[in-house]
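*Asks:* If you read the protein sequences in the order shown, they are chains A, B and C.
The opening residue of the first sequence carries number 1 in my numbering; numbering runs sequentially from there.
The opening residue of the second sequence carries number 1 in my numbering; numbering runs sequentially from there.
The opening residue of the third sequence carries number 1 in my numbering; numbering runs sequentially from there.
For the record, the hints were derived by calculation from the structure and aren't laboratory data.
Cβ coordinates follow ideal geometry from the N, Cα and C atoms, glycine included.
Some hints here could point you the wrong way.
Below, computed lysine-lysine pairings styled on DSBU-like, alpha-carbon distance capped at 30 angstroms [claimed, not checked]:
no., chain 1, residue 1, chain 2, residue 2
1, B, 165, B, 182
2, C, 76, B, 144
3, B, 182, B, 141
4, B, 165, B, 138
5, B, 7, C, 220
6, B, 138, B, 182
7, B, 165, C, 220
8, B, 7, B, 144
9, B, 182, B, 144
Partial list, derived from the structure: chain C residues whose beta carbon lies under 10 angstroms from chain B [as the list claims (entries may be wrong)]:
no., residue
10, 95
11, 196
12, 200
13, 203
14, 211
15, 216
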Amino acid sequence: MDFPVELLINALIAGILLGGFYAAVTVGISISFGILDIVNIAHPAFIILGSYIAYILNQRLGLDPILVSILVLPFFYYLGSLVYQVYYLSFEKRGQEALRGLAFFFGLLFVTEVVLILVFGVDYRYVQAGYIDTTLRFSFLDLPMRMVVPFVISMILVLGLQLFLSKTFTGRAIMAVAQDQLALSLMAADPIRIKRIAFSISIATAAIAGALLIIIQPVEPSVGREYIGRVFAICVLGGMGSLPGTLIAALLLGIVESITSTFYGPSWAPAVAFGFLLITLAVRPSGILGR
Amino acid sequence: MTAPLLKIDNVGKRFGGFVALDGINLEVARGERLGLIGPNGSGKSTLVNCMSGTLHNETGTVTFDGHPMNGLLAHQRTHLGLARSFQLPRPFHSLSVAENIRVPLLYTVRQRRDVPHTREELEHRCHEVLGLVGLEHKARKQPKDLTQVEMRKLELARAMAAEPKLLIADEAMAGLSESEVKDIVALLIALNERGITIILIEHIMTAVMSFSQRLAVLVSGRKIADGDPQDVIRDPEVERAYLGQ
Amino acid sequence: MRTWQFFLVSLVIALAGFMGARLLQNDYLFFAGYVVLQFIVLATAWNILGGYCGYVNFGSAAFFAMGAYTTVVMTKLPAFANRHFPEEIAALVGIPPIPVLILLGGVIAGLVGLGTGYLTLRLRGVFFAIATLALAVVLQTLIVNWDFVGGSRGAYVIRPATAPLFGINYIEYLFLVMLVLVVVALTTARAIERSRLGYGFATIRDDELAAEASGVPTLKLKLVATTLSGAFMGMAGAPFPYYIGFLEPSSAFGLAYAVNAIAMPMIGGTTSWVGPLLGAVLLGTLQQLATVTISSAVSLLLVGLLLVFFVIIAPNGLLGLWHDYFGRKHKTEDESKTAAVKTS
Numbered sequence: 001m002d003f004p005v006e007l008l009i010n011a012l013i014a015g016i017l018l019g020g021f022y023a024a025v026t027v028g029i030s031i032s033f034g035i036l037d038i039v040n041i042a043h044p045a046f047i048i049l050g051s052y053i054a055y056i057l058n059q060r061l062g063l064d065p066i067l068v069s070i071l072v073l074p075f076f077y078y079l080g081s082l083v084y085q086v087y088y089l090s091f092e093k094r095g096q097e098a099l100r101g102l103a104f105f106f107g108l109l110f111v112t113e114v115v116l117i118l119v120f121g122v123d124y125r126y127v128q129a130g131y132i133d134t135t136l137r138f139s140f141l142d143l144p145m146r147m148v149v150p151f152v153i154s155m156i157l158v159l160g161l162q163l164f165l166s167k168t169f170t171g172r173a174i175m176a177v178a179q180d181q182l183a184l185s186l187m188a189a190d191p192i193r194i195k196r197i198a199f200s201i202s203i204a205t206a207a208i209a210g211a212l213l214i215i216i217q218p219v220e221p222s223v224g225r226e227y228i229g230r231v232f233a234i235c236v237l238g239g240m241g242s243l244p245g246t247l248i249a250a251l252l253l254g255i256v257e258s259i260t261s262t263f264y265g266p267s268w269a270p271a272v273a274f275g276f277l278l279i280t281l282a283v284r285p286s287g288i289l290g291r
Numbered sequence: 001m002t003a004p005l006l007k008i009d010n011v012g013k014r015f016g017g018f019v020a021l022d023g024i025n026l027e028v029a030r031g032e033r034l035g036l037i038g039p040n041g042s043g044k045s046t047l048v049n050c051m052s053g054t055l056h057n058e059t060g061t062v063t064f065d066g067h068p069m070n071g072l073l074a075h076q077r078t079h080l081g082l083a084r085s086f087q088l089p090r091p092f093h094s095l096s097v098a099e100n101i102r103v104p105l106l107y108t109v110r111q112r113r114d115v116p117h118t119r120e121e122l123e124h125r126c127h128e129v130l131g132l133v134g135l136e137h138k139a140r141k142q143p144k145d146l147t148q149v150e151m152r153k154l155e156l157a158r159a160m161a162a163e164p165k166l167l168i169a170d171e172a173m174a175g176l177s178e179s180e181v182k183d184i185v186a187l188l189i190a191l192n193e194r195g196i197t198i199i200l201i202e203h204i205m206t207a208v209m210s211f212s213q214r215l216a217v218l219v220s221g222r223k224i225a226d227g228d229p230q231d232v233i234r235d236p237e238v239e240r241a242y243l244g245q
Numbered sequence: 001m002r003t004w005q006f007f008l009v010s011l012v013i014a015l016a017g018f019m020g021a022r023l024l025q026n027d028y029l030f031f032a033g034y035v036v037l038q039f040i041v042l043a044t045a046w047n048i049l050g051g052y053c054g055y056v057n058f059g060s061a062a063f064f065a066m067g068a069y070t071t072v073v074m075t076k077l078p079a080f081a082n083r084h085f086p087e088e089i090a091a092l093v094g095i096p097p098i099p100v101l102i103l104l105g106g107v108i109a110g111l112v113g114l115g116t117g118y119l120t121l122r123l124r125g126v127f128f129a130i131a132t133l134a135l136a137v138v139l140q141t142l143i144v145n146w147d148f149v150g151g152s153r154g155a156y157v158i159r160p161a162t163a164p165l166f167g168i169n170y171i172e173y174l175f176l177v178m179l180v181l182v183v184v185a186l187t188t189a190r191a192i193e194r195s196r197l198g199y200g201f202a203t204i205r206d207d208e209l210a211a212e213a214s215g216v217p218t219l220k221l222k223l224v225a226t227t228l229s230g231a232f233m234g235m236a237g238a239p240f241p242y243y244i245g246f247l248e249p250s251s252a253f254g255l256a257y258a259v260n261a262i263a264m265p266m267i268g269g270t271t272s273w274v275g276p277l278l279g280a281v282l283l284g285t286l287q288q289l290a291t292v293t294i295s296s297a298v299s300l301l302l303v304g305l306l307l308v309f310f311v312i313i314a315p316n317g318l319l320g321l322w323h324d325y326f327g328r329k330h331k332t333e334d335e336s337k338t339a340a341v342k343t344s
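For reference, chain A alone in the conformation it holds in the complex (with noise of 0.2 angstroms):
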């Protein structure tokens, strides 16, 4: 009997360039959650805002996504400000976080799908771009640009966002804050401010991976809850808050998912992640490259 070695490498292949994007998915959830601490499961909202203003922006004047989600980083670094004043004001300050808070971004991720249903329909909405439907060939390998190239702009972004983290000030300050909000006051820096800009540039990299998105795949409103098992799967198994451990754990559900999907069926794919949300979660929170 015949072992499929090429469907197998293909979807090894696959793995690789989805979970590339996956890492670019979670990174956001990476810094809110796993850096400081604020479970925004609201998260996959902001990606399918991003998902449908990149949709837009497509249709009416003919721009590439990943130009438009650059145009509109603004746009998330500011809403992601408002929504962090709010979550400050609302439940940081009063010490109330754990009920009220998530219970607040599930208000959010609830209403942004609903009014996306009102205002889009549930109808599948997808990009045109020039690259969207070529396919590179090498004897029986298949590498779909519209794998690759979000795969290399999430590789960009991650390790854009490590460097950012690791070598700037404000960034040293953002890892800082998570472990000493004290220590760092005394060194002249405003936790509250620090966090906010960390929070803004989560909700910032929500607009890239909705414009990546909608690349990959067509999107209608609740695909975003499909995500929040993955993302928080990859955030726990990656050590929460580490970005290489974030991209490790993205590859290796990626490729997980897309052999299950290539023997199994597709179908099968959403549980694949939340099942291993829950193994992680019972047997090794503390990640792969875990504390």
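Put chains B and C on the given structure of chain A with help from the hints.
*Replies:* Then chains B and C, alone, in the frame of chain A:
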């Protein structure tokens, strides 16, 4: 020679790369009054947490009343008779003061066979404990209506209500006035005379010296002195590491 | 009021209400009312874990669907038995009556709750919350891929022509069954509040570390709460296939259940059994009105917006606003709660 009530044997605890406790050896005899002092960050609270089960030590063993503690959860240790108060008071905010005391009565004392625990006895005990710390007049109030000092007393009362064999008082007197400190020390000594072994962790030296029968000193995760209080405070290493500051 | 007294009084009030509603001769009342009753049970169930213990469950839909699909499985068993087993055995397999289905649904959902709790409750509350989200998706995927219950195509459940009770039609029967379940749920919630268990739950919510130090077996209690909560949600879901006639995964696992299960207690007030009741009745009615006059999507949007609004502005819900306004009422409740524990 009778076995010690609490035996801490080579206990170690790390947080990532930071060694909080490094091979601590400590024994507490039944009925003893032990004082534990040391600079901030020396690992005192970590040691308390490892004793009470809030944290789990990676190396070494904790043995209480003959029972090995490794792996036991905090509430199980409380049931066996090991109670602690928290350095920063952690009251149950949605319950009244009396109800705060009622919790350890309902969940710890009721499990014990060596302590009376019918409903009436528990109620009586609740009022008794409140009276001991002088909070009876605030029984119906919420923790948020208490002063800082009263919250510390509530914290101590809650630990006492669990009818412990060993009570660990973790910096229970910070911020109290001189007379209040004296009151608490008297209270703890009275508890001790009723048979409760007490470990007192404090910075206030007058309290430590008037209370302790034995004194141990923790610095940077290591025990550097253990013995008669008068001898220990004269130990040059102790002076250098802690008292001289 | 002792627990059994509360149960009887509530039952009497509920039955009286039922009789009164029958006089109006309006079937729609029972149709819409059933949905509101369902929500009361879901909200009360959610609150046992969420309001009393402080652990948020985002996957209420999963537990509800467990109950519903247990019923579906049971309705399909006779046909399955006929095809695969000899006649004598197949004849023994029938569809159990609704009360039995409810118990079954409760058991299955309760076990799922226990399992999820066991895997995740040793971690922080947020991980439990995320795990419940994950659970909902995993279970939905499993059901979608399971042909026996219809998979993604859905399953038809035929409503019997006559109700097991004399003189009422089937919808009224379902309404009555759900009404009894509401009384049971409310009685249970109230009994918990005033018991030693309720104190334990409150300490978990207020400060889990201090609770452990005081001797409260937090993990065990959390598992009790999760199991009870899940069981009641499953019980609420068990009659659903009969009510709706056709069950498909997207409606059973619908987001409406997840949001309402959270919004109703949080808007009503999480600290007592009255809150979820209040929230469910108000929001449930509001949604029925909005669905009929505008659209179901808009009614859901309203719920979401109200949730966000209340969480920010009035975190203790309508009950909290009431207590703040009538300050003294809170103090008297405290004293009666104290007395209740002493005497119960």
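*Asks:* Any hints from earlier that this structure breaks? Give me their numbers in increasing order, please.
*Replies:* 2, 8, 10
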